[in-house]
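Protein chains: 2
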Amino acid sequence: MRVIFNEEMRQVADDMDRIAGAVSQAIKTSGKALLEPNLDAAQEVIDGDQAIDQLEGSIIDQCVRLLAKQNPVATDLRVIVSTLRLAATFERMGDLSRHIAEAVRRAYPDPPLPPEAHDLFGRMQDFLNQMSDRLVAMLSDRDTKVAEQIIIDDDQLDQLHQQTFDLALSDEWTGSKQQMIDLVLLARFMERIGDHGVSAARRVVYIVSGFDPTKDPKDLEDID
Amino acid sequence: MRVIFNEEMRQVADDMDRIAGAVSQAIKTSGKALLEPNLDAAQEVIDGDQAIDQLEGSIIDQCVRLLAKQNPVATDLRVIVSTLRLAATFERMGDLSRHIAEAVRRAYPDPPLPPEAHDLFGRMQDFLNQMSDRLVAMLSDRDTKVAEQIIIDDDQLDQLHQQTFDLALSDEWTGSKQQMIDLVLLARFMERIGDHGVSAARRVVYIVSGFDPTKDPKDLEDID
Chain F
1 MRVIFNEEMR QVADDMDRIA GAVSQAIKTS GKALLEPNLD AAQEVIDGDQ AIDQLEGSII
61 DQCVRLLAKQ NPVATDLRVI VSTLRLAATF ERMGDLSRHI AEAVRRAYPD PPLPPEAHDL
121 FGRMQDFLNQ MSDRLVAMLS DRDTKVAEQI IIDDDQLDQL HQQTFDLALS DEWTGSKQQM
181 IDLVLLARFM ERIGDHGVSA ARRVVYIVSG FDPTKDPKDL EDID
Chain X
1 MRVIFNEEMR QVADDMDRIA GAVSQAIKTS GKALLEPNLD AAQEVIDGDQ AIDQLEGSII
61 DQCVRLLAKQ NPVATDLRVI VSTLRLAATF ERMGDLSRHI AEAVRRAYPD PPLPPEAHDL
121 FGRMQDFLNQ MSDRLVAMLS DRDTKVAEQI IIDDDQLDQL HQQTFDLALS DEWTGSKQQM
181 IDLVLLARFM ERIGDHGVSA ARRVVYIVSG FDPTKDPKDL EDID
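Residue numbers (my numbering), protein chains in the order written: chain F, 1 to 224; chain X, 1 to 224.
For reference, chain F alone in the conformation it holds in the complex (with noise of 0.2 Å):
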């Protein structure tokens, strides 16, 4: 993230990759861990949580140390408060890749879903991957056209989301009654990480130009 920091922030800079990397590799891996399914997939998902906080603390320290430091020449506040924000985006987004492990986990040695779920989850990680790396381009080269695209992707992740009430509602369904619980909070789950994705694509942009060209810039404040 060098590339769109200046020298103060570098450190910040650094932490932001790492944070997207790990974030990037438990989406995946979750979603390995549930399509396969995968129960070492599922555990280190979990156990790679812990790195996934410890860097979102890091950051904010060195935000807020930023904060104190009170250069007016130095980088816009609005950047500084933006990354912490996007830092939190990160991190919850990795907390959702370890509920999706958790249930996996739990549900072993049964597989999380039933077969006939398994095109539409599918497809829907295929979105949440294409996402992650997406996110992490934006990171390292400024591409904030990428934003647009992991925006209107999400639009359709939001319809696989809703057909997967439609499945569990229709005669193909033969899960149990435990698979339906999961599938409903699985799905959940993948929902809210291409909620934060659209959230993060929009505080890059944010840092990267100073506005957020779909919204007005004091929604830009949400976190989701």
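What the hints contain is simulated information worked out from the structure, not anything from laboratory work.
Model, not experiment: these values are computed from the prediction.
By construction, the Cβ of each residue, glycine as well, lies at the ideal position given by its N, Cα and C atoms.
Treat the hints loosely; a few may be bogus.
Short, incomplete list of chain F residues facing chain X, as computed with Cβ under 7 Å [unchecked claim]:
| no. | residue |
| --- | --- |
| 1 | Val64 |
| 2 | Leu67 |
| 3 | Ala68 |
| 4 | Val81 |
| 5 | Leu169 |
| 6 | Lys177 |
| 7 | Met180 |
Where chain F lies over chain X, by a calculated footprint (3+ residues, C-beta under 8 Å) [what the hints assert, rightly or not]:
| no. | stretch |
| --- | --- |
| 8 | 159-173 |
| 9 | 178-185 |
Calculated pairs, DMTMM-like style, for lysine to aspartate or glutamate (alpha carbon to alpha carbon, straight line, at most 25 Å) [unchecked claim]:
| no. | chain 1 | residue 1 | chain 2 | residue 2 |
| --- | --- | --- | --- | --- |
| 10 | F | Lys177 | X | Asp171 |
| 11 | F | Lys177 | X | Asp166 |
| 12 | X | Lys177 | F | Glu191 |
| 13 | X | Lys69 | F | Asp76 |
| 14 | F | Lys177 | X | Glu191 |
| 15 | X | Lys177 | F | Asp158 |
| 16 | X | Lys177 | F | Asp110 |
| 17 | F | Lys28 | F | Asp133 |
| 18 | F | Lys28 | F | Asp40 |
| 19 | F | Lys177 | X | Asp110 |
| 20 | X | Lys69 | F | Glu8 |
| 21 | X | Lys69 | F | Glu7 |
| 22 | X | Lys177 | F | Glu116 |
| 23 | X | Lys177 | F | Asp166 |
| 24 | X | Lys177 | F | Asp119 |
| 25 | F | Lys177 | X | Glu102 |
| 26 | F | Lys28 | F | Asp95 |
Given chain F, put chain X in place with the hints provided.
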């Protein structure tokens, strides 16, 4: 909240009281919407959410302006950052209350939950109502002991949350598939409101006293 903040933060204090009051109202009215059920109450919560979002936006704008003032004798920057996060937490509690109301409205004219779920959800709502009152009280009387009670009671809320799953999986369950889906969602929304309440309580303790006796200070910057 003027008893907690200095003169410089007076406007922020008043807005924080307003947002806490509006969120407390939203939590209680969403409970009424769910348990009676009551469509007008649901609509009231849905309509009232915009005001909460606007208050959060205003509080954040003011905090950023205060951060920009760079006055070394002014409010501790960590307090300003914590206030920003507290406002975001309240806003999220408002959103979750709106999600509860939207589920009630979607289910109408069917009740969102079958009769056997009423007792459990009623008890969960009692906890949320009590927590709301305590949060509002904390902001006006600096009573940080109340925070401990909020934290303890949240464990009980989590237990009730687990019991909703047991109920859905039991022979006692008479609900439709849609009602099972709504049970999982509603229980999660309520559990998340409780989690955010704990977060909010910890932040108020930090703002009042400068420390959280139960956690590493770095973790205080967690946004849930």
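Here is how each hint holds up against the structure:
1. Val64: holds (6 Å)
2. Leu67: This interface hint holds because 5 Å falls under the 7 Å limit.
3. Ala68: holds (5 Å)
4. Val81: holds (6 Å)
5. Leu169: holds (5 Å)
6. Lys177: With a closest approach of 5 Å, the F:Lys177 hint holds.
7. Met180: Nearest chain X Cβ about 6 Å off; hint holds.
8. 159-173: holds (count 4)
9. 178-185: holds (count 5)
10. F:Lys177 <-> X:Asp171: holds (11 Å)
11. F:Lys177 <-> X:Asp166: OK: F:Lys177 and X:Asp166 at ~11 Å, within 25 Å.
12. X:Lys177 <-> F:Glu191: OK: X:Lys177 and F:Glu191 at ~21 Å, within 25 Å.
13. X:Lys69 <-> F:Asp76: holds (12 Å)
14. F:Lys177 <-> X:Glu191: holds (21 Å)
15. X:Lys177 <-> F:Asp158: Roughly 21 Å between the alpha carbons, so the hint for X:Lys177 and F:Asp158 holds.
16. X:Lys177 <-> F:Asp110: The hint holds at about 21 Å.
17. F:Lys28 <-> F:Asp133: Distance of about 10 Å is within 25 Å: holds.
18. F:Lys28 <-> F:Asp40: holds (13 Å)
19. F:Lys177 <-> X:Asp110: Judged against 25 Å, a Cα distance of about 21 Å means the pair holds.
20. X:Lys69 <-> F:Glu8: holds (20 Å)
21. X:Lys69 <-> F:Glu7: This hinted pair holds, its Cα atoms lying about 23 Å apart.
22. X:Lys177 <-> F:Glu116: holds (17 Å)
23. X:Lys177 <-> F:Asp166: With a Cα-Cα distance of about 11 Å, the restraint between X:Lys177 and F:Asp166 holds, given a limit of 25 Å.
24. X:Lys177 <-> F:Asp119: With Cα atoms ~21 Å apart, X:Lys177 and F:Asp119 stay inside 25 Å; holds.
25. F:Lys177 <-> X:Glu102: holds (24 Å)
26. F:Lys28 <-> F:Asp95: holds (13 Å)
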